[in-house]
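When you get a sec, could you build the whole thing from the sequences and use the hints?
First to last, the protein sequences are chains A and B.
No gaps in the numbering here: position 254 of the first sequence is 295 in the working numbering, and each next residue is one more.
No gaps in the numbering here: position 6 of the second sequence is 47 in the working numbering, and each next residue is one more.
Derived from the structure by calculation, the hints contain no laboratory data.
All values derive from a computational prediction rather than experimental measurement.
Glycine included, every Cβ here is placed at the ideal spot set by N, Cα and C.
Just so you know, not all the hints are guaranteed correct.
[Claimed, not checked] Calculated pairs, SDA-like style, for lysine to any residue (alpha carbon to alpha carbon, straight line, at most 20 Å):
#1 A:K196 <-> B:L239
#2 A:K227 <-> B:W112
#3 A:K227 <-> B:L113
#4 B:K123 <-> B:S195
#5 A:K119 <-> B:W224
#6 A:K196 <-> B:G247
#7 A:K123 <-> B:G121
#8 B:K123 <-> A:V278
#9 A:K119 <-> B:F220
#10 B:K227 <-> A:M109
#11 B:K119 <-> A:M109
#12 A:K196 <-> B:V244
#13 B:K227 <-> A:L149
[As the list claims (entries may be wrong)] Chain A side only, calculated, beta carbon under 7 Å to chain B, not exhaustive:
#14 T116
#15 F159
#16 L197
#17 L201
#18 I236
#19 P237
#20 L239
#21 V240
#22 I382
Number of protein chains: 2
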Amino acid sequence: MTTSTSRSPSRLPPSSSSSSLSRTETLSLFSLTFACVAVLANTFQGDGEPLIASLALSGVAFAASFAMIRWLGPTLMKAGLKGTDMSKHNRREMPECMGGIAAVVYLLVIIVFIPFPFYKDIVAATSGGGNRDVVVSVVEGVERGRLLHKFPHSKLASYLSAIISLQSITLLGIGDDLFDIRWRHKFFIPAFASIPLLVVYFVDFGVTSIVVPIPLQPYLGELVNVGVLYYVYMASVAIFSPNSINILAGINGIEVAQSIVVAVLLAINDCLYLLTPYPHPATDSHLFSLYFLLPFLGVSGALLWHNWYPARVFVGDTYCYFAGMVFVVVSILGHFSKTLILLLMPQIFNFCYSVPQLFGLVPCPRHRLPRFNARTGLLEPSVTPWTRERQPRGVVAWGLKVLGGLRLLGVTVDEEGRFVETTNFTILNLWLVWRGPLREDRLAMEITGMQMVVGLFGLFVRHGLAQLVFKEDNWSIGAAGV
Amino acid sequence: MTTSTSRSPSRLPPSSSSSSLSRTETLSLFSLTFACVAVLANTFQGDGEPLIASLALSGVAFAASFAMIRWLGPTLMKAGLKGTDMSKHNRREMPECMGGIAAVVYLLVIIVFIPFPFYKDIVAATSGGGNRDVVVSVVEGVERGRLLHKFPHSKLASYLSAIISLQSITLLGIGDDLFDIRWRHKFFIPAFASIPLLVVYFVDFGVTSIVVPIPLQPYLGELVNVGVLYYVYMASVAIFSPNSINILAGINGIEVAQSIVVAVLLAINDCLYLLTPYPHPATDSHLFSLYFLLPFLGVSGALLWHNWYPARVFVGDTYCYFAGMVFVVVSILGHFSKTLILLLMPQIFNFCYSVPQLFGLVPCPRHRLPRFNARTGLLEPSVTPWTRERQPRGVVAWGLKVLGGLRLLGVTVDEEGRFVETTNFTILNLWLVWRGPLREDRLAMEITGMQMVVGLFGLFVRHGLAQLVFKEDNWSIGAAGV
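Structure below.
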């Protein structure tokens, strides 16, 4: 365990404090971009393999957001988008809301990508006078029946609705970072942003029936139409995912790292469906998901580079909302929202664990991030102090004691048994209760690792147990029980 | 002609400087909202007439943006989005970038509207496992063949691409207002925002053939495929329209008023196609256009209320870009971009007239808006001064003299024939050269009136002359030469 007592400035590249790229960085980014553009150009030679094109565009997205995050730092600070890192010896100001830049680059890339997976099916002519004057030929590029190839035209509306939802959350997230919207209002930002997704789901797909697990089928039948409840469910996922990422925050890199882990796990899950020997009914949905996740990994990588300890930029609420919404759109449009919930287990735990403070049973300070000990340079759990006059009562006191006994909370009592302080209810503080003081990057790394392990276990459970309660696992149709 | 020498504070409602609504305003907005929601609910009783629903939602959009513009003023000013009105006696600060709020309300309304014109054509069930497990029935709500009714599902992608373009321009416009992007960069903001529109046009419609005017048909045939040039043309329209509105600016209310005039003229043009006795091939395109224009008129009305002389808010570049882009999406997707160009004649004149200053042939000061004469309270043409040392030369001097002689420029020369000052090259200054000093609202009203007259003439020309160069006018197919 690395517990060096000072920052290691050697990790900072020479140009870290400037807003320009070093020569090495310029060359690397240029080479990456060049290689990606070459690959992209090459896809035109064949049938325009969308998956290859998506990978290449994700490389371009990485390079573009890397450069823009560096260049636009001073501009953002000048416009007042800046913050101070409270867990460092020297509290210098840094640009805030860099997630907005990553999101804008992402959106541009995902828009430019549209022609790769979608083909046109009508060729006609217009006089520019408000109607197609001549429909020359009706169907040109029909579906080729090839795996990993083009989507049917009808999927375009879903793709576009996902873009609108992501754009909405970016717009509202930037509004939040600019205007410092109150907690109880900002909680509903993802709800607004999910409207386009749900509205288009309604007009375009409209499926609200769910398959009943086998044990319940004798009572409910094979299918149950849950109607409007299905939209309530989807809206709940859409509200929860972005907010849950937004509250697992507060130390350098944690927002981006956890998002990258979830994206990687979703991408692994997608790949399971692509590796089946013959086309699986869900292949399209998972290809669709990959097309959204790969560029997300591109821009997030560039952001993590700058936001990892010691951070040189902050990501802002914009990034947390945006990342959470990417997961929402792929899982809702791909119909694997239950899988997403499995992968967000640490976030769900963090939310449930936070409930006593979020709902005011235990006093909630403005910031609950771990406390920086300037002497050791390590993070320690931050605490809620209890005075002699203000002591928890009844069930709350009992609960705090039980949690303390189970080592699910750091509790300090004085000799008379009165509460002196209890640690704040976040997974980051709990981890520090378990592991002792840690340096900021170490904590971020361990939480990220835990998320990865829990997520992989979740995927295993999902594909192992699904066969017990449903007729068959979705990807085992093709992979025959693998 | 009203040329009172002072502001008339009586025009300000009592609550003008506060950020709350007066009781009358609250009651009016509440009644309007209530009425609109009632109408909206009523459309569900029948077949859900989309045009009625669009009108009702536009009323809601007016009320919502009216209230939000009032309420959010202090929030915007706190975030640094504020400006000073230079054409007033007391130069107090006002919230800037209110167009952003209008745009966000507009986008929400246009998204919520989606289910009205589009129907779903597939009912299926999902296990949530990545695929439609059971497709229950394939086609439910088929097109009813009724006029003014539902769109075919294939039009949904166009609608969504328009939303993405409008969201993009809002996002980039807010960026411009926040970061004060340089002129030569911001010129291309609409180009970026038009990418979604053009990309989806490419995969969804892809028509790049144009009907050749009759006199040229012997040489070129009936149709010419202009290929990539058609995209260049569309991109040019997309770049020009928002920028042309952005440079016809600088006095209270002019940005919004000119946009409302263009929107009204486009709506009149759309109605011509809806009033044909039987379904016209272009009816759908023009309904589509109305669905975008009506809520635009709603939010613009609310904005004009606050931005008209004496302005209490500024609209920001966001509004100009946004308004221009609304015209672009309806005219490109409706295939009447030539009509849009006709309706933007004053803007085109203003742009061409500005060229000497935009391209540096004549010095261009930072602000070219008319000069406020504090003594008379009237606006006078602002001028570029020429010193004895710096005199225009050669063709520029000759050009200035010719323009001055034609009364297309205010030119002051001294007794030795040297240039002392010339008015700045904007239509607003030119109008003041023609009409003499005017009060700010009078100038805005006259320019708006001129735009209306020119636009109506343009529409007349378009429907009168089109028959001479094409086989038939697009709407006369149904209206038989009306």
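Do the hints match the structure? See the list:
At roughly 18 Å between alpha-carbon atoms, K196 of chain A and L239 of chain B fall within 20 Å of each other, so this suggested pair holds. Under the criterion of a C-alpha separation no larger than 20 Å, the hint pairing K227 of chain A with W112 of chain B is consistent with the structure, at around 17 Å. This hinted pair checks out: K227 of chain A and L113 of chain B have alpha carbons roughly 15 Å apart, not beyond 20 Å. A distance of roughly 43 Å separates the Cα atoms of K123 of chain B and S195 of chain B; the hinted pair therefore is violated under the 20 Å criterion.
Straight-line distance between C-alpha atoms of K119 of chain A and W224 of chain B comes to about 18 Å, which keeps the hinted pair within the 20 Å bound. Of the supplied pair hints, the one linking K196 of chain A and G247 of chain B holds, its CA atoms being roughly 17 Å apart against a limit of 20 Å. Only pairs whose Cα atoms come within 20 Å are accepted, and K123 of chain A paired with G121 of chain B is accepted, the gap being roughly 13 Å. Taking the CA atoms of K123 of chain B and V278 of chain A, the gap is about 37 Å. The hint is violated against a cut of 20 Å.
The hinted pair formed by K119 of chain A and F220 of chain B meets the criterion: a straight-line CA distance of about 8 Å does not exceed 20 Å. For a cut-off of 20 Å, the pair hint linking K227 of chain B to M109 of chain A stands: about 16 Å separates their Cα positions. For a cut-off of 20 Å, the pair hint linking K119 of chain B to M109 of chain A is broken: about 27 Å separates their Cα positions. This hinted pair checks out: K196 of chain A and V244 of chain B have alpha carbons roughly 12 Å apart, not beyond 20 Å.
Distance hint between K227 of chain B and L149 of chain A is fulfilled; the C-alpha atoms sit about 17 Å from each other, no more than 20 Å. At about 5 Å, the closest approach between the beta carbon of T116 of chain A and any beta carbon in chain B falls short of 7 Å, and the interface hint on this residue holds. Checking F159 of chain A against chain B: minimum C-beta separation of about 4 Å stays under 7 Å; hint holds. Taken as an interface hint, L197 of chain A checks out: its beta carbon lies about 5 Å from the nearest beta carbon of chain B, inside 7 Å.
This hint holds: L201 of chain A has a C-beta 4 Å from the nearest C-beta of chain B, less than the 7 Å allowed. With a cut of 7 Å, the hint placing I236 of chain A at the interface with chain B holds, because the nearest CB-to-CB distance is about 6 Å. Against a cut-off of 7 Å between C-beta atoms, the interface hint on P237 of chain A holds, since the closest Cβ of chain B lies about 5 Å away. For the restraint placing L239 of chain A at the interface with chain B, the shortest Cβ-Cβ distance is roughly 10 Å, beyond the 7 Å limit, so the hint is violated.
Look at V240 of chain A: its Cβ gets to within about 5 Å of chain B, closer than 7 Å, so that hint holds up. A least Cβ separation of about 10 Å between I382 of chain A and chain B goes past the 7 Å threshold, and the interface hint is therefore violated.
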